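A.B. asks: Please put together the full structure from these sequences, using the hints given.
Number of protein chains: 2
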Amino acid sequence: MSIKSKIRTIPDYPKEGIMFRDITTLIKDGEGFREVIDLFVERYKDLDIDLVAGIEARGFIIGGAIAGMLGKGFIPIRKTGKLPFESISHEYELEYGTDKLEIHKDAIQKGNRVLLVDDLLATGGTALAGAALVEALGGTVAEMAFIVDLPDVGGRKKLEECGYKYHFLVEFEGD
Amino acid sequence: MSIKSKIRTIPDYPKEGIMFRDITTLIKDGEGFREVIDLFVERYKDLDIDLVAGIEARGFIIGGAIAGMLGKGFIPIRKTGKLPFESISHEYELEYGTDKLEIHKDAIQKGNRVLLVDDLLATGGTALAGAALVEALGGTVAEMAFIVDLPDVGGRKKLEECGYKYHFLVEFEGD
Chain A
575 MSIKSKIRTI PDYPKEGIMF RDITTLIKDG EGFREVIDLF VERYKDLDID LVAGIEARGF
635 IIGGAIAGML GKGFIPIRKT GKLPFESISH EYELEYGTDK LEIHKDAIQK GNRVLLVDDL
695 LATGGTALAG AALVEALGGT VAEMAFIVDL PDVGGRKKLE ECGYKYHFLV EFEGD
Chain B
575 MSIKSKIRTI PDYPKEGIMF RDITTLIKDG EGFREVIDLF VERYKDLDID LVAGIEARGF
635 IIGGAIAGML GKGFIPIRKT GKLPFESISH EYELEYGTDK LEIHKDAIQK GNRVLLVDDL
695 LATGGTALAG AALVEALGGT VAEMAFIVDL PDVGGRKKLE ECGYKYHFLV EFEGD
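Residue numbers (our numbering), protein chains in the order written: chain A, 575 to 749; chain B, 575 to 749.
One or more of the hints may lead you astray.
All copies of an identical chain are treated as equivalent in the list; a pair is satisfied when it fits inside any one copy or across any two copies.
[Stated by the list, open to error] Listed next, the in silico DSS-like pairs over lysine-lysine satisfying Cα-Cα at most 30 Å (straight line):
#1 K656 with K578
#2 K684 with K731
#3 K578 with K739
#4 K679 with K739
Please keep in mind that the hints were generated in silico from the structure rather than gathered at the bench.
From a predicted model like this one, the values you see are computed outputs, not experimental measurements.
C.D. replies: In structure tokens form, the structure reads like this:
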């Protein structure tokens with residue numbers, strides 16, 4: 575069974591009209607999860623990467639597994655008020671209102687090359703906020719990695735406009 | 575440098591009198607993170623385990639990496655309202671008030687042996703709530719794994735009283 579077929583679609587979640595792509599059915603499958611991680615590790619094992627940063631919360635699962643396999647350090651990028659040490663934050667726009675992501679000030683050294691990981695690319699707002707935090711600390715986003723891309727929601731285009739490299743394993747068009 | 579020495583202590587966080595044991599300094603160190611994961615994988619690779627369950631959010635990082643290395647499926651145990659599919663919840667007591675954890679109803683098959691992972695064992699309330707969810711779905715907690723144990727806070731004693739096996743890598747006494 576393919577990676578794509580192991581992802582569950584939940585119609586009208588979190589609200590009407592949204593087809594939610596649920597990766598929990600993929601990652602609870604030992605072979606499926608391992609295949610995902612192996613594909614990323616194959617791509618990144620020979621690349622010049624210092625750290626893996628994962629975006630809370632599903633990015634922690636995927637990013638943690640990639641970092642562990644690559645033998646790289648892992649950096650959590652978290653929702654507001656979750657990090658215990660001195661942090662910087664970056665606000666970004668949602669459909670209604672704004673949200674914030676935070677990173678520890680000492681998470682990244684100047685010049686570090688960071689692989690930014692999340693489960694899914696939709697509008698790109700979260701990924702761009704994560705990248706802004708990495709760069710605010712003097713790091714460089716080597717690439718952004720996602721399991722799922724929803725190209726019709728516009729994130730891919732936005733990342734391209736901003737000059738970021740990205741990689742995804744499957745895409746759902748028409749979302 | 576030892577695993578313990580890579581863990582940062584933040585005094586008076588999140589409130590006065592608490593010595594917060596911050597694992598972000600350990601896991602941002604590639605060698606430190608890999609050593610942690612290798613120790614767990616060495617312990618669990620020959621054990622009869624079907625799934626790894628991680629408790630949100632730091633348990634996702636550690637549990638995700640262990641599951642990836644073992645080639646086992648990963649199950650997220652999440653805070654209220656975060657899971658997209660049908661879920662069951664378990665309420666547990668905090669120092670003041672209560673909190674809830676949730677798991678997807680189809681996360682675990684009857685008879686599955688589950689390794690339950692979190693970064694730190696303190697009072698044991700969260701770990702016991704996670705175990706209750708695994709068991710409510712017909713699973714068995716094969717063992718609970720933590721990086722850090724704070725034995726003076728009472729969690730270890732509680733897990734023993736409830737008959738759970740647990741394993742931790744380092745402990746901080748006097749907390």
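A.B. asks: Are the hints correct? Go through all of them and say.
C.D. replies: Going down the list of hints, with the structure as the test:
no., hint, in the structure
1, K656 with K578, "between (32 Å within a copy, 22 Å between copies)"
2, K684 with K731, "within (28 Å within a copy, 44 Å between copies)"
3, K578 with K739, "within (22 Å within a copy, 37 Å between copies)"
4, K679 with K739, "within (24 Å within a copy, 37 Å between copies)"
Figure legend: structure checked against the earlier numbered hints; every hint is met.
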